[in-house]
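K.L.:
Sequence:
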Amino acid sequence: MSDASLPILPTAPMLPTTNIEGHEIGRLVIGTNWFLGYSHQSAAKSSWIKRYQDAEKIANVLEICSAGGMNAFVSPMSELMSEAVRVHEERTGRHLIQILTPAGKTTEELIAGIDQAAELGAEFCLPHTSWVDARISTARQEIEDWPRVAEHIRKRGMIPGLSTHRPEAIVVGDAAGYDIATYIQPLNPLGFLCAVETDWMVGIIHRTPKPVICIKPLAAGRLNPHTGLGFAFNSIKPIDVVCIGMLCEEEAEEDLKIARGILGMPTEKVELQFTRSKAALAGE
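Per the working numbering, residue 3 is the first one in the sequence shown, and the count goes up by one each step.
It is worth saying that the hints were derived from the structure and are not from the lab. Errors might be hidden in some of the hints.
To be verified - Below, computed lysine-lysine pairings styled on DSBU-like, alpha-carbon distance capped at 30 Å:
{"#": "1", "residue 1": "Lys259", "residue 2": "Lys280"}
{"#": "2", "residue 1": "Lys212", "residue 2": "Lys107"}
{"#": "3", "residue 1": "Lys107", "residue 2": "Lys157"}
{"#": "4", "residue 1": "Lys52", "residue 2": "Lys107"}
{"#": "5", "residue 1": "Lys212", "residue 2": "Lys239"}
{"#": "6", "residue 1": "Lys52", "residue 2": "Lys259"}
{"#": "7", "residue 1": "Lys107", "residue 2": "Lys47"}
{"#": "8", "residue 1": "Lys59", "residue 2": "Lys47"}
{"#": "9", "residue 1": "Lys271", "residue 2": "Lys239"}
{"#": "10", "residue 1": "Lys239", "residue 2": "Lys259"}
{"#": "11", "residue 1": "Lys47", "residue 2": "Lys259"}
{"#": "12", "residue 1": "Lys259", "residue 2": "Lys212"}
{"#": "13", "residue 1": "Lys59", "residue 2": "Lys271"}
{"#": "14", "residue 1": "Lys271", "residue 2": "Lys259"}
{"#": "15", "residue 1": "Lys157", "residue 2": "Lys212"}
{"#": "16", "residue 1": "Lys47", "residue 2": "Lys280"}
{"#": "17", "residue 1": "Lys59", "residue 2": "Lys259"}
As the list claims (entries may be wrong) - Derived DEER-like restraints, expressed as beta-carbon distance ranges:
{"#": "18", "residue 1": "His97", "residue 2": "Glu270", "range": "24 to 30 Å"}
{"#": "19", "residue 1": "Leu283", "residue 2": "Ser139", "range": "50 to 56 Å"}
{"#": "20", "residue 1": "Glu270", "residue 2": "Arg93", "range": "21 to 27 Å"}
{"#": "21", "residue 1": "Lys280", "residue 2": "Ser139", "range": "50 to 56 Å"}
{"#": "22", "residue 1": "Lys107", "residue 2": "Thr269", "range": "43 to 49 Å"}
{"#": "23", "residue 1": "Leu192", "residue 2": "Arg150", "range": "35 to 41 Å"}
{"#": "24", "residue 1": "Trp50", "residue 2": "Glu111", "range": "26 to 32 Å"}
{"#": "25", "residue 1": "Gly179", "residue 2": "Pro240", "range": "22 to 28 Å"}
{"#": "26", "residue 1": "Glu111", "residue 2": "Glu270", "range": "44 to 50 Å"}
{"#": "27", "residue 1": "Trp202", "residue 2": "Arg88", "range": "38 to 44 Å"}
{"#": "28", "residue 1": "Pro149", "residue 2": "Lys239", "range": "25 to 31 Å"}
Every residue gets a Cβ at the ideal spot worked out from N, C-alpha and C, and that includes glycine.
Full structure from sequences and hints, please.
P.N.:
See below:
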């Protein structure tokens, strides 16, 4: 870790966890878009992220995260991420639970991605929204090919779930009684990448007995962390988790402090960002 990083104090409390098929997962999960260059803002920003990040920088962030109880991450298959995780685990001895999201235009391509996820040692395999959402039929109440995909995931020693941007996947998946341990679903107060209004999204999340991994809490950087994390945690079930991306050590430290406060845990004061226009508000 660089001297400029902000290490978590050894006395910092760990996050509460949720149990998904025997795995205790911290209720704040590590997102990877800001490691891998998927900004959801502009091609220029995505390009800069890819140029800025490397395995060492990502490992520095992971070290802050895992020290505070963020013990799982959601990611596509990525050589950069795999290398960063290796560096982190060699440096800290702390294991990170892998929630990998393979994709494919066809089910055969997806199966190949599932095999790759297994070879990387993933605990969870949640096929990506690009495969899942194209195969949802509300009329037939089915997700095409899911039973054999879930069976293959189990055969490869992983736990199956669905990564989706359509709440219909949750409704259909539950109604069909499919082998689904958990869902990934966007949730933020802007409704960014949510298929329906946020009150409907919250209702669907509460209706399913399965834990939901809520992504995009800050609407891909469009929201203040207090706003996005507060809405997400206050809208979901106690068994659900929030997945947040971060660019650097400072953001990881800040997100952990904010999450602890929202979840009613002891935490350090979160320093507000400051500009000259706020001088009077600060009493200066």
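K.L.:
So, for every hint listed, does it hold in this structure?
P.N.:
Going down the list of hints, with the structure as the test:
Simply put, Lys259 and Lys280 have alpha-carbon atoms about 23 Å apart, close enough for the 30 Å limit, and the pair holds. Of the pairs offered as hints, the one joining Lys212 and Lys107 holds, with about 27 Å between alpha carbons and a cut-off of 30 Å not exceeded. Restraint check: the Cα-Cα separation between Lys107 and Lys157 comes to about 22 Å, which is no more than 30 Å; the hinted pair holds. Of the supplied pair hints, the one linking Lys52 and Lys107 holds, its CA atoms being roughly 25 Å apart against a limit of 30 Å.
Taking the CA atoms of Lys212 and Lys239, the gap is about 10 Å. The hint holds against a cut of 30 Å. Taking the CA atoms of Lys52 and Lys259, the gap is near 27 Å; set against the 30 Å cutoff, the hint holds. A hinted pair counts as satisfied when its Cα atoms are at most 30 Å apart, and Lys107 with Lys47 qualifies at roughly 27 Å. For the suggested pair Lys59 and Lys47, the alpha carbons sit about 17 Å apart, so the restraint of at most 30 Å is met.
The straight-line distance between the Cα atoms of Lys271 and Lys239 is roughly 26 Å, inside the 30 Å bound, and the hint therefore holds. Distance check on the hinted pair: Lys239 and Lys259 sit about 21 Å apart at the alpha-carbon level, within 30 Å; holds. Of the supplied pair hints, the one linking Lys47 and Lys259 holds, its CA atoms being roughly 26 Å apart against a limit of 30 Å. This hinted pair checks out: Lys259 and Lys212 have alpha carbons roughly 27 Å apart, not beyond 30 Å.
Restraint check for Lys59 and Lys271: the C-alpha separation of about 25 Å stays at or below 30 Å, so the hint holds. With a C-alpha separation of about 8 Å, the suggested pair Lys271 and Lys259 falls inside the 30 Å cut-off, and the hint holds. At most 30 Å may separate the alpha-carbon atoms for a hinted pair to count; Lys157 and Lys212 meet this at roughly 21 Å. With a C-alpha separation of about 28 Å, the suggested pairing of Lys47 with Lys280 holds against the 30 Å cut-off.
Only pairs whose Cα atoms come within 30 Å are accepted, and Lys59 paired with Lys259 is accepted, the gap being roughly 21 Å. Checked against the hint of 24 to 30 Å, the pair His97 and Glu270 passes, with Cβ atoms roughly 26 Å apart. Between Leu283 and Ser139 the beta carbon distance is about 53 Å. The supplied range of 50 to 56 Å therefore holds. At roughly 24 Å, the beta-carbon separation of Glu270 and Arg93 lies within the given 21 to 27 Å, and the hint holds.
Remark: the range hint 50 to 56 Å for Lys280 to Ser139 is upheld by a beta-carbon distance near 52 Å. Distance hint for Lys107 and Thr269: a CB-CB separation of about 45 Å, consistent with the stated range 43 to 49 Å. Taking 35 to 41 Å as the suggested C-beta distance range, the pair Leu192 and Arg150 conforms, at roughly 37 Å. Between Trp50 and Glu111 the beta carbon distance is about 30 Å. The supplied range of 26 to 32 Å therefore holds.
Our hint of 22 to 28 Å for Gly179 and Pro240 holds, since their Cβ atoms are close to 24 Å apart. Hint check: Glu111 to Glu270, Cβ distance near 46 Å, so the stated range 44 to 50 Å holds. The supplied range of 38 to 44 Å is met by Trp202 and Arg88, whose beta-carbon atoms lie about 41 Å from each other. The hinted range of 25 to 31 Å is satisfied by Pro149 and Lys239, whose Cβ atoms lie roughly 26 Å apart.
Of the numbered hints stated above, none is contradicted by the structure.
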